[in-house]
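Q: Order-wise, the sequence lines are chains A and B. Going by this note's numbering, the first sequence opens with residue 1, and the numbers climb by one from there. Going by this note's numbering, the second sequence opens with residue 1001, and the numbers climb by one from there.
The hints are simulated quantities; they were obtained by calculation from the structure and are not laboratory data. Worth double-checking, as some hints may not be accurate.
As the list claims (entries may be wrong) - One-sided and incomplete, this derived list gives chain B residues near chain A with beta-carbon spacing under 10 Å:
| no. | residue |
| --- | --- |
| 1 | Leu1004 |
| 2 | Glu1007 |
| 3 | Gly1030 |
| 4 | Gly1046 |
| 5 | His1048 |
| 6 | Phe1072 |
| 7 | Ile1074 |
| 8 | Thr1075 |
Because the structure is a prediction, the values reported are computed rather than measured. Yeah, the Cβ is synthetic: ideal placement off N, Cα and C, and Gly gets one too.
Read off the chains here:
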Amino acid sequence: MDFGVFHDIPSSLNGGVESLDLSFWTSSIPLKQRWRNNGLSADFMGDYVTTFFPLDESDPATKIRQAEVKGAVSYIANELLENAMKYSSNVVGLPVIMRMFLLNKRIVFVQSNESSPEMAANLQKFIEQILSEDTTELYFRKMEEKAVGSSDSGLGFLTMINDYGAKLAWRFEPVGEAFLVSTQVEITI
Amino acid sequence: MTVLQGEGYEVGYDAASGSVHVKGVLRLGGMDEYLPIARILENAIGEHRTLTLDLTGLDFLNSSGIATLSKFVITARNHQDCNVTICGNAAVPWQGKSLNNLKRLMPALTLRFD
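Only chain B is shown next, with the shape it has when bound in the complex (with noise of 0.2 Å):
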């Protein structure tokens, strides 16, 4: 398992299982800073042809880390060859609203709300 953490949040990416999770508070400033979480997204795609994408325990994302779910998904589609699911949680406000998005971008995506 690869684990970046920061200040409030954590990724991880359990190549075994080909799934990412992402949890916590994510406010960082800009696309620029999301960098070293947007490669570990990319190279996860790189590396399996299923991927599930967690962040039923991503509590706040902010716009520049909703472009850069945005990129991955986008990223995703091009690759043609991945099949994504993203998992979310219907109790967190932020997600109702703004992960359907992601399916315009990729309607392939299969998106679940526990």
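Chain A on its own, in the form it takes in the complex (with noise of 0.2 Å):
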């Protein structure tokens, strides 16, 4: 079931898309030590699209550019992994897998990991309420919600819709008693 516009897009073998695949296999050790991975991959992979966005010594608008595609992915990518690493369940023991994908003036992450039945409903609430309410509203409202104590979920997404200009979809495909939970986050370059 989707939710959004999810994109299929196309497997560099059939596509000649440039895109960058981690997989992580979440049962070997706890998850306050994997946490500072979450940092190392999301500061890898901002570093590693900056090679798409080269400076021009000439140029001083190229260096904030890159700067911007390099702090957006940092961004991004940290916050999906810390969601995956936060709320995935680990039954049928599928992996955490982070794409993303370069593509013409756009920028595609798809995230994917497993959830319990009742994560993924959960989500499901939440995921209806951005597609159905102002984003603005909403991330203020959570945030004046947080300072009296309510719960840390959400504010992840809303900060990338309304501080990044992303664009969000969300894919639930059941696996055995779980569910393959996949965001795909697109960002304009």
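Both chains are sitting in their own frames, so use the hints and assemble them into the complex.
A: Right, here's the structure in full:
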């Protein structure tokens, strides 16, 4: 089941699309120890992308553009990985996968992880809010709610939409007793 | 000066000048983990009528950190007596994108970009 417009991007085998894939098998060490890897992976992806936005010493705008793209990629990749680490289950044993596609004037992330039916249902409720409400109003309402102690979740998606102009979509696929949940984030560059 | 250091970051509170600085990279795992930093910020609100938060050296902040900052701004807003200035760095991309939202939470906030 899809929420939002979920694009099927051709693999590099048949589309020649520049992409980077990372897979994490999450059963080996506890979450707390893995947490620092989110930042390492996100920073690596941000750095990786700068190759495609080279600096031109004679044009200062290229330095700003490179920093903007690197910052956006690091932020979004980090949020997606944090979500996966916090909310994924390990009943079926699916890996966390992080894919980044470099398209003409767009970067698309597709992050997928295993999710329990309860987590999937909670996420779907939140997605329905995102897709039906004004996301700016929702963002500020969530900030006010968090100031008086409500839960942490949901801000990652809202900051991507409001601060980075990202378009989001989700796909839920049943796998045994769990779901494979994929989050797609598209930014214009 | 009260200093709190963690892996890759530092938070310093200078009571004499009424200023808090946060520098480095912050990717803590949820608002619960930001509590020690949130407490420093809230103590500062309680002790000063004019407070400066220097974020010029904060290169990365995740969404839980942005939520913690927002909570600090809302607390300062509700305190009424507290004037807050936040100093940001225009060259750090996340700051240009996310700090302006704090002004909507607290219109009286002064936001300065160097």
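Q: Give a verdict on every hint.
A: Okay, the hints, checked on the actual structure:
1. Leu1004: Because about 18 Å separates B:Leu1004 from the closest Cβ in chain A, which is outside the 10 Å limit, the hint is violated.
2. Glu1007: 7 Å, holds
3. Gly1030: Because about 5 Å separates B:Gly1030 from the closest Cβ in chain A, which is inside the 10 Å limit, the hint holds.
4. Gly1046: Interface hint status for B:Gly1046: violated (16 Å vs cutoff 10 Å).
5. His1048: Constraint on B:His1048 not satisfied, violated at 20 Å.
6. Phe1072: Result: holds, 9 Å to nearest chain A Cβ.
7. Ile1074: It holds, given that the least Cβ distance between B:Ile1074 and chain A is near 4 Å, below 10 Å.
8. Thr1075: 7 Å, holds
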